[in-house]
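Take the sequences, apply the hints, and build the full model.
Residue numbers (this note's numbering), protein chains in the order written: chain A, 93 to 223; chain B, 93 to 223; chain C, 93 to 223; chain D, 93 to 223; chain E, 93 to 223; chain F, 93 to 223.
FYI, nobody ran anything at the bench for these hints, they're computed from the structure.
Be aware that a few hints might be false.
Note that identical chains are pooled: a pair holds if it fits in a single copy or bridges any two copies.
Claimed, not checked - Mimicking SDA-like on lysine to any residue, the simulated pairs with C-alpha atoms at most 25 Å apart in a straight line are:
| no. | residue 1 | residue 2 |
| --- | --- | --- |
| 1 | K169 | T131 |
| 2 | K142 | D119 |
| 3 | K142 | E118 |
| 4 | K169 | D119 |
| 5 | K169 | A117 |
| 6 | K169 | A136 |
| 7 | K169 | R124 |
| 8 | K142 | Q121 |
| 9 | K142 | E103 |
| 10 | K169 | G210 |
| 11 | K169 | Q121 |
| 12 | K169 | T105 |
| 13 | K142 | R110 |
| 14 | K169 | G137 |
| 15 | K142 | G172 |
Number of protein chains: 6
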Amino acid sequence: MSADKKDRVAEFTAFRQRMNERILAEDNQVVRRFFALDTQTYRAGALDVKTKELMGLSASMVLRCDDCIAYHVAQCKQVGVTREELFEAFSVSLVVGGSIVIPHLRRAVDFLDQLEAGEATASAAPPEHGH
Amino acid sequence: MSADKKDRVAEFTAFRQRMNERILAEDNQVVRRFFALDTQTYRAGALDVKTKELMGLSASMVLRCDDCIAYHVAQCKQVGVTREELFEAFSVSLVVGGSIVIPHLRRAVDFLDQLEAGEATASAAPPEHGH
Amino acid sequence: MSADKKDRVAEFTAFRQRMNERILAEDNQVVRRFFALDTQTYRAGALDVKTKELMGLSASMVLRCDDCIAYHVAQCKQVGVTREELFEAFSVSLVVGGSIVIPHLRRAVDFLDQLEAGEATASAAPPEHGH
Amino acid sequence: MSADKKDRVAEFTAFRQRMNERILAEDNQVVRRFFALDTQTYRAGALDVKTKELMGLSASMVLRCDDCIAYHVAQCKQVGVTREELFEAFSVSLVVGGSIVIPHLRRAVDFLDQLEAGEATASAAPPEHGH
Amino acid sequence: MSADKKDRVAEFTAFRQRMNERILAEDNQVVRRFFALDTQTYRAGALDVKTKELMGLSASMVLRCDDCIAYHVAQCKQVGVTREELFEAFSVSLVVGGSIVIPHLRRAVDFLDQLEAGEATASAAPPEHGH
Amino acid sequence: MSADKKDRVAEFTAFRQRMNERILAEDNQVVRRFFALDTQTYRAGALDVKTKELMGLSASMVLRCDDCIAYHVAQCKQVGVTREELFEAFSVSLVVGGSIVIPHLRRAVDFLDQLEAGEATASAAPPEHGH
Chain A
93 MSADKKDRVA
103 EFTAFRQRMN
113 ERILAEDNQV
123 VRRFFALDTQ
133 TYRAGALDVK
143 TKELMGLSAS
153 MVLRCDDCIA
163 YHVAQCKQVG
173 VTREELFEAF
183 SVSLVVGGSI
193 VIPHLRRAVD
203 FLDQLEAGEA
213 TASAAPPEHG
223 H
Chain B
93 MSADKKDRVA
103 EFTAFRQRMN
113 ERILAEDNQV
123 VRRFFALDTQ
133 TYRAGALDVK
143 TKELMGLSAS
153 MVLRCDDCIA
163 YHVAQCKQVG
173 VTREELFEAF
183 SVSLVVGGSI
193 VIPHLRRAVD
203 FLDQLEAGEA
213 TASAAPPEHG
223 H
Chain C
93 MSADKKDRVA
103 EFTAFRQRMN
113 ERILAEDNQV
123 VRRFFALDTQ
133 TYRAGALDVK
143 TKELMGLSAS
153 MVLRCDDCIA
163 YHVAQCKQVG
173 VTREELFEAF
183 SVSLVVGGSI
193 VIPHLRRAVD
203 FLDQLEAGEA
213 TASAAPPEHG
223 H
Chain D
93 MSADKKDRVA
103 EFTAFRQRMN
113 ERILAEDNQV
123 VRRFFALDTQ
133 TYRAGALDVK
143 TKELMGLSAS
153 MVLRCDDCIA
163 YHVAQCKQVG
173 VTREELFEAF
183 SVSLVVGGSI
193 VIPHLRRAVD
203 FLDQLEAGEA
213 TASAAPPEHG
223 H
Chain E
93 MSADKKDRVA
103 EFTAFRQRMN
113 ERILAEDNQV
123 VRRFFALDTQ
133 TYRAGALDVK
143 TKELMGLSAS
153 MVLRCDDCIA
163 YHVAQCKQVG
173 VTREELFEAF
183 SVSLVVGGSI
193 VIPHLRRAVD
203 FLDQLEAGEA
213 TASAAPPEHG
223 H
Chain F
93 MSADKKDRVA
103 EFTAFRQRMN
113 ERILAEDNQV
123 VRRFFALDTQ
133 TYRAGALDVK
143 TKELMGLSAS
153 MVLRCDDCIA
163 YHVAQCKQVG
173 VTREELFEAF
183 SVSLVVGGSI
193 VIPHLRRAVD
203 FLDQLEAGEA
213 TASAAPPEHG
223 H
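Shown next, in the form of structure tokens:
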């Protein structure tokens, strides 16, 4: 199953990258500007990248978007957020959002486990147009 | 993968049709009336079908329901909405609903690509009880 | 009560305008760009302004945001959407979003009544940074 | 303040009734049918009215609609749901929906207190077109 | 396909159980307490388990969480809720939540069909930490 | 108007405190435990209080709960979050949640302005049972 999972992670990453390219190839300025703005949002400013990624993670969890959660978990890992810190971020999202968040928490922890096992390192989305 | 995808589209369409039949076979008048009302909602009136389908699409995107998005994209194509127009509808939904809409946008564009490639024509839901 | 209501509409419009100015006076480029993008989104393109405003209205109704609904109802009136057409837009939102939309529908119709009675013409938001 | 509150409850009830009449006076069959269906939904069937109202209450709480919550609390009281039972319904909604439900819980308990004090008995919505 | 489906149900159940164990093995007291509270919520009190499970089901449907819906459908079956009663619960959720609930209704009925066919009995979540 | 506003802030704070007491006076253990857990969630752990409050703020903004936003803005101010940092938190929430967040952003900035003007210092919720 582990091989199967790796394939699904790789397939998902390839899908995200391919579709982002399809979307940005379209001549729609509003969509392109939104994607650029999304990237700009998480750059260091008055708050550092780590704090911004943790906020993006919490927002994604209470809105219950698995792809967004996986993206921010990967970004958090890249900037040094520890597993213990991630679980505290999960706990805030769980209490704010309620038990309806639990299925997404399970998938988030599964993704984190894979990341830590080095199985899913390739799945970290590129910094541009990440969501 | 293209063959695999076609299968998944066909499988999804078959699932939708089969389950709609299961649901309507049940002796529950509220559910049946809701399905009938849902169908009636998108008929031409003061507003034409195209405008109503675009509104249904926008509502489905900000509520982030992939099945509903796919259904309305297919309906929009059937009544002549162009790819450029669909992207403008996507852009409204993206700005209203935020980056949390992006994963659904990716799947919507993928579905649209398949529709345009003629791979998914069979997946257009029947006009009755569509969602 | 009619005088009281007019005051509340005027107060709300003044509040919106004053706070938009406060927000844009802040040195935060992401927020400013988002507001500019929001304005750009509803400009005529492949789809006309009327269709885009109707989509914005439907999205606002199913997401249940009274201020956004009032804004788009006012914009729709300005570009010639009739009461009958607005009710069809309401009906799509009601069926997609469910009975939870009804309290917002009541307030939308109340706002529309005031607009048509000429009581609330001043409340039409300025075209820039409208939401 | 108690007099002020009674007025607000009465004002709200009058507003709901007046706007429901305005909405149903409009020649839009989808909207009218939806309102009729909404009424039909809570009639006794395989499940009794009490259970259905408690389900409507839970759904309204996790979707965070104050007007809908107030309506279902009043309906629950009318069919004999006790304060203890209402708090158990609140507790389910709180755990499913998270701390974001708390502000609505406060307003629900305030409304319930008023109902029990006999201050708000007139605010119980009529059984037709209630939400 | 039936064999394939049984596998997917078994796989899902195994995943849920494995991830719940992973989550509770973590030294995060807030998360652990939330899971314990979630279990406590559905115990019989002033309201019986059946009513509480039906409320949990309605809340899950309008919030559109397939895993939560499946869990509560299974729990409802275990405490004797009939198919007719479940469809009435579905109808309340459909009217409150709108057509956006329909795709989840299809998957709920499919899951119910499997449960009734005895194919998915093993998928009933254990009473502890269920969501 | 400033006097009027101060009164409304004071009235709101009094309402929150009074209703929290009413709720906790009720003999419902699940509700009480949820309130206690909510308080525990924001205590310093692997992440400091500032980061947790910023996450709570982002989650509240994308879920569009004015009371929760006001509460977390006040808490953020108490632990030293600057106006510039708060606007970066707002910008993340705006991009994740979309233009539907704008009306809440306006009210958040208005509340922040009042806090900074010293008008609303009394409105900072007590650390216990805050939401």
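Verification of the hints:
Taking the shortest Cα distances, K169 and T131 sit within 25 Å of each other inside one copy (17 Å), while across copies they are farther apart (27 Å). For the identical chains of this complex, K142 and D119 are inter-copy neighbours only, at 22 Å across copies versus 33 Å inside a copy, given an alpha-carbon limit of 25 Å. For the identical chains of this complex, K142 and E118 are inter-copy neighbours only, at 22 Å across copies versus 32 Å inside a copy, given an alpha-carbon limit of 25 Å. For the homomeric pair K169 and D119, the shortest alpha-carbon distance between copies (19 Å) is at most 25 Å, but the shortest distance inside one copy (34 Å) is not.
For the identical chains of this complex, K169 and A117 are inter-copy neighbours only, at 20 Å across copies versus 30 Å inside a copy, given an alpha-carbon limit of 25 Å. Within a single copy, K169 and A136 get their C-alpha atoms as close as 16 Å, and across copies as close as 21 Å, so both meet the 25 Å cut-off. Only between protomers do K169 and R124 lie at most 25 Å apart by alpha-carbon distance; the minimum there is 23 Å, versus 27 Å within a single protomer. For a Cα distance limit of 25 Å, the shortest separation of K142 from Q121 across copies, 20 Å, qualifies, whereas the shortest one inside one copy, 30 Å, does not.
Taking the shortest Cα distances, K142 and E103 never come within 25 Å of each other, neither inside one copy (27 Å) nor across copies (35 Å). For the identical chains of this complex, K169 and G210 are intra-copy neighbours only, at 12 Å inside a copy versus 40 Å across copies, given an alpha-carbon limit of 25 Å. When the C-alpha separation of K169 and Q121 is checked against a cutoff of 25 Å, the pair qualifies only between copies, where the shortest distance is 22 Å, while the shortest distance within a copy is 32 Å. In this homomeric assembly, K169 and T105 come within 25 Å of each other (Cα to Cα) only inside a single copy, at 17 Å, whereas the closest approach across copies is 28 Å.
Neither within a single protomer nor between protomers do K142 and R110 lie at most 25 Å apart by alpha-carbon distance, with minima of 27 Å and 29 Å respectively. For the homomeric pair K169 and G137, the shortest alpha-carbon distances inside one copy (19 Å) and between copies (18 Å) are both at most 25 Å. In the homo-oligomer, the alpha carbons of K142 and G172 lie at most 25 Å apart both inside one protomer (8 Å) and across protomers (18 Å), since each shortest distance falls under that limit.
In summary, the numbered hints that this structure violates are 9 and 13.
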